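Starting from the known structure of chain E, arrange chain S with the ligand on it as the hints suggest.
If you read the sequences in order, they're chains E and S.
The letter at position 271 of the first sequence is residue 271 when you use this note's numbering, and the numbering goes up by one with no holes.
One gets this note's numbering by counting positions in the second sequence from 1 and adding 544 to each.
Take these hints with a grain of salt, some might be off.
Listed below are the simulated BS3-like cross-link pairs for lysine-lysine, each with C-alpha atoms no more than 30 Å apart in a straight line [stated by the list, open to error]: (1) E:Lys473 <-> E:Lys494; (2) E:Lys246 <-> S:Lys601; (3) E:Lys246 <-> E:Lys165; (4) S:Lys666 <-> E:Lys37; (5) S:Lys674 <-> E:Lys37; (6) E:Lys475 <-> E:Lys539; (7) E:Lys97 <-> E:Lys165; (8) E:Lys494 <-> E:Lys439; (9) E:Lys110 <-> E:Lys3; (10) E:Lys97 <-> E:Lys110; (11) E:Lys248 <-> S:Lys601; (12) E:Lys246 <-> E:Lys494; (13) E:Lys473 <-> E:Lys539; (14) E:Lys475 <-> E:Lys77; (15) E:Lys381 <-> E:Lys325; (16) E:Lys429 <-> E:Lys439; (17) E:Lys475 <-> E:Lys248; (18) E:Lys325 <-> E:Lys3; (19) E:Lys97 <-> E:Lys246; (20) S:Lys674 <-> E:Lys110; (21) S:Lys666 <-> E:Lys246; (22) E:Lys165 <-> S:Lys601; (23) E:Lys389 <-> E:Lys439; (24) E:Lys246 <-> S:Lys674; (25) E:Lys429 <-> E:Lys494; (26) E:Lys3 <-> E:Lys77; (27) E:Lys97 <-> S:Lys674.
These are computed hints drawn from the structure, not numbers from a lab.
Predicted, not measured: the structure shown is a model, and the values here were computed from it.
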Amino acid sequence: MYKYDHYDQAMVDARVEEFRDQVRRRIEGHLTEDQFKSLRLMNGLYLQLHAYMLRVAVPYGTLSSAQMRALADIADKYDRGYGHFTTRQNIQYNWIKLEEAPDILADLAKVEMHAIQTSGNCIRNISSDQYAGAAADEEVDPRPYAELLRQWSTFHPEFLTLPRKFKICVIASEQDRAAMRLHDIGIRILRNEAGELGARFYVGGGMGRTPMIAPVIRDFVPLDQLITYSEACLRVYNRYGRRDNKFKARIKILVHEMGADEYTRQVEEEFAHLLSQGIEPPTAELERIRTYFQDPAFEHGALDALDRSDPDFALWVDRNTMAHKQAGYINATISLKPVGGIPGDASADQMRLMADLAERYSFDELRVTHAQNIVLPHVRKADLYEVWKQLDQAGLGTANIDQIDDIIACPGLDYCSLANARSIPVAQKISQRFAAGGKADALGELKLKISGCINACGHHHAGHIGILGVDRKGKENYQLLLGGSEAEDTSLGKITGPGFDEDGIVDAIERATDVYLRERGEGERFLDTYRRIGMEPFKEAIYG
Amino acid sequence: MAEVLPLPSEGAGSGDHVQFRFRDDEPLMDPAVTVDAFIDQTNATAVRVEPGDDARKLLPHLGRIGLVEVNFPAFTDGRGYSVARILREAGYAGELRAVGDVLIDQLSQMKRCGFDAFAPDKPLDETDAKAAFDRWPHVYQPAADARVPIWNLRHGRNQEQNG
Ligand code: SF4
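If we strip away everything but chain E, and leave its shape as in the complex, we get (with noise of 0.2 Å):
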């Protein structure tokens, strides 16, 4: 994986002084709070209900176990023992002391890691496909191209004020498992007809309360104009882009009302003016970074054959595992989704748990998945069982991968100031109903996905069942949506109709998949039937 140099580092360094600096002068008051809020949230720094939280940024979601267990002690150092793992594939932790955050900083800048633009209206975190340089169908690892990004972004002088924040994806595989174009902008990385490695380009998607499946603006960027291009695309959203109204200010506002052969028109004009500016990096670089991807050592001739015999490891291999490119080894993924548990929450002992067993079974790598879960990328076939005992002991071990317990869920008004609703207790209860009695297990892949209001942090939009939290006359409300869709068939969900309470909502989630159970045909998921039968057996089914 990536590794600092001495300029990495140097920079990373500046940055915790410079917030030291910026926390001791709004400590002496020459700082107002509006003029320090905007520094705190480039620094990833959030006032919640309670207290701080801190956002970590994991670029294109790859840890080392150093950097894992860095992130543990943290969790223990200066909060209560706990980290959340978040939609965006970094980590956050929800009881900070503004005193200390620069000590944190400082912490993280020890193991390569920051909190640089992980908020605020820049250019945020760079995601990417989670099992990038494993997945047995990508076209190349995408996340040499997500570095060169995650640096051309980092303190971009022109792009620090944009109208709001702006999320880029990056992924190399057509299957796309990163929620590519819900993106501001979402690049795949693809080889054209002459065979030469390109990106494509997808510009305005995005969730929040005007959810949009980003269009294509333009099917194939070289590589080597890839910055610039980038560039261009950013400085016609700076320009433009709407700052009259919050809600408006995304990019994808933009792309709608002026249209996508306007928007791209634009692009394309100042991405020629551009090219004369010379803003590309070297390709040098491109290659400097690649050298930090290229694959580990793998043993050629790995056992290519599991060992099933024991009933609750083959569970967990058919649920939690994906093919590698490499024969014999295997991508595992570890569900932060127990029953009844807090989506996304891992204990400090957990992550040193995933640390060592990353360090010893998988060449020292850890991914955070969109979803909320930790995948183990690089684990031999032949170490599979003994990684799941070890997870299994430590309460990691459920298995249930893109099943109807396996929830993304926001923090909600647990924690979130802007929320209507509580998410967490939902999640909870949906979780216990359907993995009692093994309904989870039979109801195979069904996305659910939980937000505590219209901003969409819980990707309610893009799950196959969606749920949104709403304040109806002071009280919590749950409004149910079907339909959604983050995976390369993106679809937007659509509501059912009428919101329940907090019991109600779970009951008619069950209600909904038994229509599917009753439904549906052979090999056909829940998204499946729901597509196939349209939305008024379930409202009868719900409502009747």
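For chain S with the ligand alone, coordinates are given in the frame of chain E:
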């Protein structure tokens, strides 16, 4: 390496208090007019750009511009950064002055985008401002200043870029 901060020259300019100036030439004392007025008045030499203005309207007239003031009514409105780079990319070499809600923590990014004079609404603490100008040991990407991006330094390309 951090840049050396020239001595700030105070009080120069057309009404706004220029607190920091990174130029050797004499400041222009002409009043800055709006972009539309500037295009109409063929003898005007100083122009004030508001966030909603299209900076490219000025490009045919660069030859007679001696001062561009770019207004930041609120520090959160970042359109002025693109204005600055667009003018510098087109070869504008005159004074480019940031005016309005100009704060310590935006100084270095403003300078990188091509601003070479700063007239904040409220005077800034000199020591803190100097620290802010000198904050970054390196830069990751090219902009309108002469700093060489890390990705060039890494490969022995230490010469200035034209971007
Ligand atoms: S969706 Fe709403 S409640 Fe949930 S984290 Fe985002 S802003 Fe907070």
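Each hint tested on the structure:
no.	hint	result
1	E:Lys473 <-> E:Lys494	holds, 23 Å
2	E:Lys246 <-> S:Lys601	holds, 28 Å
3	E:Lys246 <-> E:Lys165	holds, 10 Å
4	S:Lys666 <-> E:Lys37	holds, 19 Å
5	S:Lys674 <-> E:Lys37	holds, 22 Å
6	E:Lys475 <-> E:Lys539	holds, 23 Å
7	E:Lys97 <-> E:Lys165	holds, 24 Å
8	E:Lys494 <-> E:Lys439	holds, 24 Å
9	E:Lys110 <-> E:Lys3	holds, 12 Å
10	E:Lys97 <-> E:Lys110	holds, 20 Å
11	E:Lys248 <-> S:Lys601	holds, 27 Å
12	E:Lys246 <-> E:Lys494	holds, 24 Å
13	E:Lys473 <-> E:Lys539	holds, 24 Å
14	E:Lys475 <-> E:Lys77	violated, 37 Å
15	E:Lys381 <-> E:Lys325	holds, 13 Å
16	E:Lys429 <-> E:Lys439	holds, 14 Å
17	E:Lys475 <-> E:Lys248	holds, 27 Å
18	E:Lys325 <-> E:Lys3	holds, 23 Å
19	E:Lys97 <-> E:Lys246	holds, 28 Å
20	S:Lys674 <-> E:Lys110	holds, 27 Å
21	S:Lys666 <-> E:Lys246	holds, 27 Å
22	E:Lys165 <-> S:Lys601	holds, 28 Å
23	E:Lys389 <-> E:Lys439	holds, 24 Å
24	E:Lys246 <-> S:Lys674	violated, 33 Å
25	E:Lys429 <-> E:Lys494	holds, 23 Å
26	E:Lys3 <-> E:Lys77	holds, 25 Å
27	E:Lys97 <-> S:Lys674	holds, 29 Å
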